[in-house]
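Number of protein chains: 2
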Amino acid sequence: MQKTQQYIQTNLNRFLNELLAFLRIPSISTKAEHKEDLQKAASFLIERFKEAGADAVKLVSTYGHPIVYAEKIIDPRLPTILVYGHYDVQPVEPLHLWHSPPFEPVIRDGKIFARGASDDKGQTYMHLKAFEAMVKTGELPCNAKFIIEGEEEVGSESLPAFLKSNAEGLAADVVLISDTSMIANHTPSLTVGLRGIVYLQVELTGPQRDLHSGVYGGGVINPINTLCQMIACLKDEKGRITIPGFYDKVTELSPQERAALAQVPFDEENFKKELAVEGVAGEEGYTTLERMTIRPTLDVNGIWGGYTGEGAKTVIPSKAYAKISMRLVPDQDFHEIGQLFTDYFTSLAPRGIKVNIQLYHGGQPVVVPMDSIAYRAAELAMEKTFGKKPIPQREGGSIPIVPLFHQILKVNTIMMGFGLNSDNIHSPNEHFGLFNYLKGIETIPYFYHYFTELSKQQQAR
Amino acid sequence: MQKTQQYIQTNLNRFLNELLAFLRIPSISTKAEHKEDLQKAASFLIERFKEAGADAVKLVSTYGHPIVYAEKIIDPRLPTILVYGHYDVQPVEPLHLWHSPPFEPVIRDGKIFARGASDDKGQTYMHLKAFEAMVKTGELPCNAKFIIEGEEEVGSESLPAFLKSNAEGLAADVVLISDTSMIANHTPSLTVGLRGIVYLQVELTGPQRDLHSGVYGGGVINPINTLCQMIACLKDEKGRITIPGFYDKVTELSPQERAALAQVPFDEENFKKELAVEGVAGEEGYTTLERMTIRPTLDVNGIWGGYTGEGAKTVIPSKAYAKISMRLVPDQDFHEIGQLFTDYFTSLAPRGIKVNIQLYHGGQPVVVPMDSIAYRAAELAMEKTFGKKPIPQREGGSIPIVPLFHQILKVNTIMMGFGLNSDNIHSPNEHFGLFNYLKGIETIPYFYHYFTELSKQQQAR
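Respectively, the protein sequence lines represent chains A and B.
Using the numbering used here, read the first sequence as starting at 2 and increasing by one per residue.
Using the numbering used here, read the second sequence as starting at 2 and increasing by one per residue.
If you're looking for bench data, these hints aren't it; they were derived computationally from the structure.
Where is the CB? At the ideal position from N, CA and C, for every residue including glycine.
Among the hints, erroneous ones may be present.
Stated by the list, open to error - Below, simulated BS3-like cross-link-like pairs (lysine-lysine); rule was C-alpha separation at most 27 Å, straight line: (1) Lys239/B / Lys236/A; (2) Lys355/A / Lys390/A; (3) Lys355/B / Lys239/A; (4) Lys236/B / Lys239/A; (5) Lys273/B / Lys355/A; (6) Lys273/B / Lys385/B; (7) Lys273/B / Lys273/A; (8) Lys239/A / Lys239/B.
What the hints assert, rightly or not - So the derived list for chain A, only partly shown, Cβ under 7 Å to chain B, looks like this: (9) Val155; (10) Ala168; (11) Gly218; (12) Gly219; (13) Ala277; (14) Gly286; (15) Met293; (16) Tyr308; (17) Gly398; (18) Ser399; (19) Asn422.
Isolated chain A (complex conformation) (with noise of 0.2 Å):
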């Protein structure tokens, strides 16, 4: 991997270069104004794989955004690595909150700020740019099929039907995605768990209108209110989710796993200063780590109902709103939580309150096996690049896609990701490093090498 090595330090700048031009094409999803956006981000990366010498490349059309697929198959008895990464970003809002505009990269203290740099533009654009650099050099040791999607953050609802229709021609031995965190940047580390997710709105309807807050006060049911207490009753005094059988199939860890994961450095003191809270809270008897990964959450993510304009208007209004995420670990079911959520939920509305919930998306929580030689595989090429074995972490977040892969194409998945939990993605400023962006580069080759080799060893034995 030498000439490779070597191709991507001559064309660093104009990889930098690229990136920065992918990231001015603002690919909100989850926005209808931005439909065409999607659109041209799509064309951009049909276009790059292209130069870099990728095969069967096609823009697929969804009911949604299009899904970008792209290949290089060298030789059918050679393994085959699936690339997954998404081309579309979460919304920017609130906008006055950036110190630069989202859509307008800029290059401060060594980070790239810009919506989507890290999650997962960034992190998309270093496989193409890894891939090229092996094209392009003759380097390339195995096949290389690639699929960028554009519904990642509303739910990816176009690929279950896109891997199923398709299952064969995707065949591959690995699925490779970088849409995850690291420790640190001296910390290399491989996510070995997601948590699940399950993303619901709920609306409250009181009086079929609008009422005046002094005349009918006290005597009609205030869906503000109602809605508040409705949100109240679903954690009770120890922090855990009241909703009936939402722990039933939540796998609890070992005290030996429990000690594994508390081998990833976490620093209470400093995480507190981060965020600039006093405290911190949650589900009682958990470490804040095993908070954010191995155990379930609910949290509101929005809420709005009645006036919320500057001044005081005093009304008493028809409907209230939330959106509400429940995260999920092993072996709980998103459409089962779901439907448990709706029941509870519901049953809580007194008389003379409407209840309508939506279920926006869901995905299943996910568990990374350890002993395969793709893990193996990964951890050496990190060992090669970052001079330090990657510690193996549960993350948070989720990525639906991932148990999907395993379900219809019957393939684990490697995540690999060079982001850090400080880029602030889903947030304003959202940054992502140039050591970061460049590392990915140079570390995704040497995964390409050692999975084609240990799987050449496994096949000899």
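Dock chain B against the given chain A, drawing on the hints supplied.
Then chain B, alone, in the frame of chain A:
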């Protein structure tokens, strides 16, 4: 008052067109962008007062929106009626629920639809036209003074200073206000009690920036969940407000007083049907009517935090907000209740959440004496035009200025409203009946007449 009544009938069409022109000015006092519209509405009144024959007509500048003052002193020995009204209106959101634009008044089914049609531009304008009719026909029986302000919907902040610094010039024998409702068009009523109000905004801050709910969920305190819990704590399961000391100064009505108020016709089935709710709820031990008039309340008027746009965003926000108001009854003091709320609400916050509370405005509750000649004059005036003696009733809303008139000018107020509770004030599709507009203009001169006559009789005795 025959010539006056004749003049009203003859000029009715013009009176209506003038009101429509007045309603076209979007005088929303809570929004800075409408500052010029408030000025415009005030100037409109200035011109009409001059045309009506008022003297000393002037625009009084304030730190907020201007006050319109006008008067007609025909003989200092005669009694003086001080009329109060307001030309500012509530915001119009949610705009999509209006059947016609809020500032393009239309007449449908005998009602004028526009923001401010009833509250309080329409009711204020009745006084101007009744005054014009009496002046133009030479039948004005006493002195008249007018204060029409532009900050009623935002707490009347400039008025106390204006009253205090002009107390001598504003001296009057009674204050007359039409900013309340009658029971029904065939059931006239006079308002003898109003609730007070204290309106606050609370801001909760958790982590100093928005966080990804997957990465951080479970390990940090979510300010929205916390806000819901804190709001839920403000009432117990009997619908009573839990703020320590909240009920200490509430005057409990005697069984006789409660029986008298129960005379007000109120059809609970109809009430539920009108609001399209299956049930009503509120403080245990009180009727719906009592809950809305003689009992204090706590309502969330607005709530917001996190992602409230289209689709899903997996965020734990840094901040969550609510606008909360309490309606007060004699002898609660809004300063004191605001402080009790602030102390209690702050005490509910867990470690890791900062609370910031802003007091928006307040007004004291009020009870009107029914043994005065002013009350008798109002009864006689309504009996004259409606053919029925008005029923005394308590209203749930607040006019914070009423207790101020008593405190600063040492004068009682008559609340003779011609609107209906079903006028949708503060809601989409606010309207005011043509019947009500006309009845108001007809009735007001009789109040002037009887009040002058009864005052003379009292002096003679």
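Interface hint for Ala168/A, Cβ within 7 Å of any Cβ on chain B: Hint on Ala168/A: violated, closest Cβ of chain B at ~28 Å, above 7 Å.
Val155/A as chain B interface residue, shortest Cβ-Cβ below 7 Å: Cβ of Val155/A sits 6 Å from chain B, so the hint holds.
Cut-off 7 Å, beta-carbon criterion: hint that Ser399/A touches chain B: 5 Å, holds
Hint status (Cβ of Gly286/A to nearest Cβ of chain B, threshold 7 Å): This interface hint is violated because 12 Å lies over the 7 Å limit.
When the least beta-carbon distance from Gly219/A to chain B is tested against 7 Å, hint result: At 4 Å from the nearest chain B Cβ, Gly219/A passes the 7 Å test, so the hint holds.
Proposed proximity, Lys385/B with Lys273/B (alpha carbon, max 27 Å): With a Cα-Cα distance of about 34 Å, the restraint between Lys273/B and Lys385/B is violated, given a limit of 27 Å.
Gly398/A as chain B interface residue, shortest Cβ-Cβ below 7 Å: The hint holds - Gly398/A has a Cβ within 7 Å of chain B, the shortest such distance being about 3 Å.
Given hint Lys239/A paired with Lys355/B - CA-CA distance at most 27 Å: 21 Å, holds
Lys239/A paired with Lys239/B [C-alpha distance capped at 27 Å]: At roughly 25 Å apart (the allowed maximum being 27 Å), Lys239/B and Lys239/A satisfy the hint.
Pair hint outcome, Lys273/B versus Lys273/A [Cα-Cα no greater than 27 Å]: 50 Å, violated
Hinted contact Gly218/A with chain B - closest CB pair below 7 Å: 4 Å, holds
Satisfaction of the Met293/A interface hint, Cβ to chain B closer than 7 Å: 4 Å, holds
Violated hints for the displayed structure, listed by number in ascending order: 2, 6, 7, 10, 14.
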